[in-house]
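**Student:** Sequence:
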Amino acid sequence: MSTWTDFAWIVDLALISEYPAALQLSPDHRPIASARNAGISMNFQASQGISQAGETVRIESPAMTISQATGCGPAESGLASREPTTIDGTSLEEGIGLLEEVVDEIYWLDRSPFLAASARSCFGAGRGLEVHSISPLSTVDGDGLTMAAARAVCVAFAPEHGPSAGEWAAAKRLPLLAPDSAASAVAADKLDVLAVFADADIETPEFVRVPSDGRAAARQYWPDTWEAVVVQRRENNLIGRGTRFARNHDELQECLDTWAGRELRLGRYVDGPSVTVTACVAGNTTIVSAVSHQLVGVPGLTTVWGSHCGNQLVAPTDLPDGAYENIRATAARVGDQLRRRGYRGVFGLDLVLERDRPLAIEINPRFQTVVSLVQAAEQRAGLLPSLGLHVLACLLPELPVRTVVAPVPTLGQLVVHADRDRQLGTLPDSGTYRLGSGAPVLGESRCLADLPADHALLWAQTRPGAQVKEGDELMLIQLSEPVATLHAHPRLTPTAAGWVTAVSACLGGSPC
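The opening position of the sequence shown corresponds to residue 1 in UniProt numbering, with each subsequent residue numbered one higher.
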């Protein structure tokens, strides 16, 4: 999970030129489309046999790198792939053409540029569309930075989390492309979302509502057949602090006492792998992208039971028979319900697997950290990255969609959290690293699409000297290989564990 309400720094992924200050909008407040043709010719459609919209495309070449698929990387990576995987999207060539008709620049608002970085390789480089990454709380204000305003838009990681994104965009006179706030509020609420799941006719773990007042003893809410329970608060964006695990009545009572005065969702604990699926709600359909194994509460990465600790992309053969397609179908039904409520744009759906049954847990009505990896899978499949897809879904009444069967890249990432309240010292700069004598060594800059097997991308999620609390996110580690076993209680791979040890030492004050 990523927010940017506590930080005051700026990272540009491209040189920011000065542009006129007035934003040109049509009468319906949409950016005025360009009259020029989308002069993009990436030859991916011809070379890979991409079919017309509505058909399923199969990409058979497992040796094809993302760089080859997009024509935008500095070098071939030989990035390893898993088995062919079904993924939906808008073709890269067609999607960029559509984007060029409505926008010139996309300003990504987040504390870290990692997500925009994994998409930006498809944009820019003479194609006419630029992506910049900026912290909305930068000390650089309107006088110090003149934003492009002719046909520029803003997109935020979590626009529903506080007013900062909207205020910043308004100050620059730029539209913030975000889902409808009322629809987002329903989706984000851990209790109200149950109505969305019911309308979508999808399964969830059995649950009990615990009232905010007039409560009975904890044992009265615990069905005899449940071995353990998960307790959730309504609120969104609590980085795991809004979820508790209880193994017995005493632990549940302690939780109820701690959260007195709050209505709670008490659910049956399902001892299965956590997964998340990325999707995008357009005006005409729900576009279901890649599926990932979600790491939650991993010891060594966090002390908080429900904290998001990372992801790794998965293929159908990584899961029980039928589970992958069941996950995709579930996401499509949820997206259709969100669309009926006025939602447009990217969302994530978290689920837990009980054998081959995906059980819905919650909706993240925003971008998720895993979208950085998802965009690599989309580009390998010849599809527009989710960042671009979100922009189009917010601006156009409908999107062209195709289903592609392509190898999913082997990518994983880990989130290192603060293990206690403290003031940080120095942090490794964001960049490409290799391990030398057990310590991260800054190397030649590479993008996620071209990351060598023995390197990692490190992304700072806070700033040097920051005062952090236990459970705060500190560093994102991205690797071009699996990072953990695919179990309910995953164990880090030796390589992943080595990186976590090295990065944690840096965060603890050791030289890097």
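Please keep in mind that the hints were generated in silico from the structure rather than gathered at the bench.
For clarity, every value in this text was computed on a predicted model and none was experimentally measured.
Cβ coordinates follow ideal geometry from the N, Cα and C atoms, glycine included.
One should not assume that every hint holds.
[Unchecked claim] With beta-carbon atoms standing in for the labels, derived distance ranges:
1) Pro223 - Glu254: 15 to 21 Å
2) Ala216 - Gly498: 47 to 53 Å
3) Gly443 - Arg340: 46 to 52 Å
4) Gly498 - Ala195: 41 to 47 Å
5) Asp199 - Thr258: 28 to 34 Å
6) Thr225 - Gly322: 21 to 27 Å
7) Gln423 - Glu83: 33 to 39 Å
8) Asp257 - Asp224: 18 to 24 Å
**Student:** I'd like to know which numbered hints this structure contradicts. Please list them from smallest to largest.
**Tutor:** 7
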